[in-house]
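Asker: In full-length UniProt numbering, the protein residues as written are 1 to 279.
Heads up, a few of these hints could be off.
[Stated by the list, open to error] Simulated DEER-style distance windows between Cβ atoms:
#1 3 with 176: 40 to 48 Å
#2 237 with 76: 32 to 40 Å
#3 86 with 222: 35 to 43 Å
#4 154 with 80: 34 to 42 Å
#5 6 with 26: 20 to 28 Å
#6 219 with 123: 27 to 35 Å
#7 58 with 134: 24 to 32 Å
#8 256 with 136: 33 to 41 Å
#9 124 with 224: 25 to 33 Å
#10 171 with 26: 24 to 32 Å
#11 123 with 177: 22 to 30 Å
Hint data in this document are derived by calculation from the structure and do not stem from the laboratory. We treat Cβ as the ideally placed atom computed from N, Cα and C, and that holds for glycine.
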Amino acid sequence: MQVEYFSPRVELKSVISRFWAGKVHCANTADNSYYRILASGSTGIVIQLFQNQSQLFNSTDYRKLPLAFIYGQKTDAPCLNHFSTDTTVLGVDFHPMAFKRIFGVNTTELTNTIASLEDLLPESICRKLFQSENLQEAIVVLEQYFLTKLGLAPDTAKLEYALHQIQKAPFLLNTNLLAGEIGMSRRSFQRHFKEQIGVDASTYSRIVRFQKALHSLKCVSNVSLTQLAYDLGYADQSHFGREFKLFVGQSPKQFVKQSSYLDTPTIDIQIPFRIIGVE
Numbered sequence: 001m002q003v004e005y006f007s008p009r010v011e012l013k014s015v016i017s018r019f020w021a022g023k024v025h026c027a028n029t030a031d032n033s034y035y036r037i038l039a040s041g042s043t044g045i046v047i048q049l050f051q052n053q054s055q056l057f058n059s060t061d062y063r064k065l066p067l068a069f070i071y072g073q074k075t076d077a078p079c080l081n082h083f084s085t086d087t088t089v090l091g092v093d094f095h096p097m098a099f100k101r102i103f104g105v106n107t108t109e110l111t112n113t114i115a116s117l118e119d120l121l122p123e124s125i126c127r128k129l130f131q132s133e134n135l136q137e138a139i140v141v142l143e144q145y146f147l148t149k150l151g152l153a154p155d156t157a158k159l160e161y162a163l164h165q166i167q168k169a170p171f172l173l174n175t176n177l178l179a180g181e182i183g184m185s186r187r188s189f190q191r192h193f194k195e196q197i198g199v200d201a202s203t204y205s206r207i208v209r210f211q212k213a214l215h216s217l218k219c220v221s222n223v224s225l226t227q228l229a230y231d232l233g234y235a236d237q238s239h240f241g242r243e244f245k246l247f248v249g250q251s252p253k254q255f256v257k258q259s260s261y262l263d264t265p266t267i268d269i270q271i272p273f274r275i276i277g278v279e
């Protein structure tokens, strides 16, 4: 898959991390045919453009996925998907707290699942997307719609602070202390965090720590797994290996040998890896 990236307009940068477009060439033997979808710590949209019907399938049960869908937080083993023919895909990567603000639905409603885009966007917007003649036209359709959904920003400063603290040092998470820092009870903090992010703070910290491990495996040659486990605050290498396998379906060593990173052009820990090619 050849991937391009597009920045959202300035007014939308508080909710959208980036747009991306992938061109799938199934006849190209050098291209990846199967894609592993990992826990990334956020939600997003995937749209197959210039198609009358979906060409994307779940490779486990051969279920055809919607032509366009919104995906929620992922907390379990990765999905394995594949395309049946050449396809152009447009994606939207939201910031972790964007889903509820845009769609007015608790983010937990979508955790570990997907929903057809037509269930959450007006029919007229979906029709414009599917009738788009190029990527930029489709992006403009989405941007114009999202601008109408921003409205008055909710007061989420406390949760945004908590989110930042977890992203900075996920292995130091203490929910009691963090809740106290922002003037909330632990129970209230966990409830609001889960409604906004889609998972509780502990699960989110595990995903962030896992993503930090992915970045280290990509950018450090011959990385010591023992040292990496220590640096990320795992109890030991075996604990790190179990956690990694839960999210990836492979050990770190197997993953490095049999996978290719597709959807993050630079080593930026603020942009998680979500789509991994299976070699």
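Asker: Next step is simple, just say for each hint if it's right about the structure.
Answerer: Results of checking the hints against the structure:
At roughly 41 Å, the beta carbons of residue 3 and residue 176 sit within the given window of 40 to 48 Å. Roughly 22 Å separates the CB atoms of residue 237 and residue 76, a value that falls outside the hinted 32 to 40 Å. With their beta carbons about 37 Å apart, residue 86 and residue 222 fall inside the hinted range of 35 to 43 Å. Taking the beta carbon of each, residue 154 and residue 80 are about 36 Å apart, inside 34 to 42 Å as hinted.
Between residue 6 and residue 26 the C-beta distance comes to about 24 Å, which sits within the given range of 20 to 28 Å. For the pair residue 219 and residue 123, the supplied restraint of 27 to 35 Å is violated, since their beta-carbon distance comes to about 44 Å. Between residue 58 and residue 134, the C-beta spacing of about 28 Å keeps the proposed range 24 to 32 Å intact. Take residue 256 and residue 136: their Cβ atoms lie about 36 Å apart, and the range 33 to 41 Å holds.
Separation of residue 124 from residue 224 is about 55 Å and departs from the stated range, judged on CB atoms against 25 to 33 Å. In this structure the hint that residue 171 and residue 26 lie 24 to 32 Å apart at CB is violated, the actual value being about 41 Å. The beta-carbon spacing between residue 123 and residue 177, approximately 47 Å, falls outside the hinted interval of 22 to 30 Å.
The structure shown violates the earlier hints numbered 2, 6, 9, 10 and 11.
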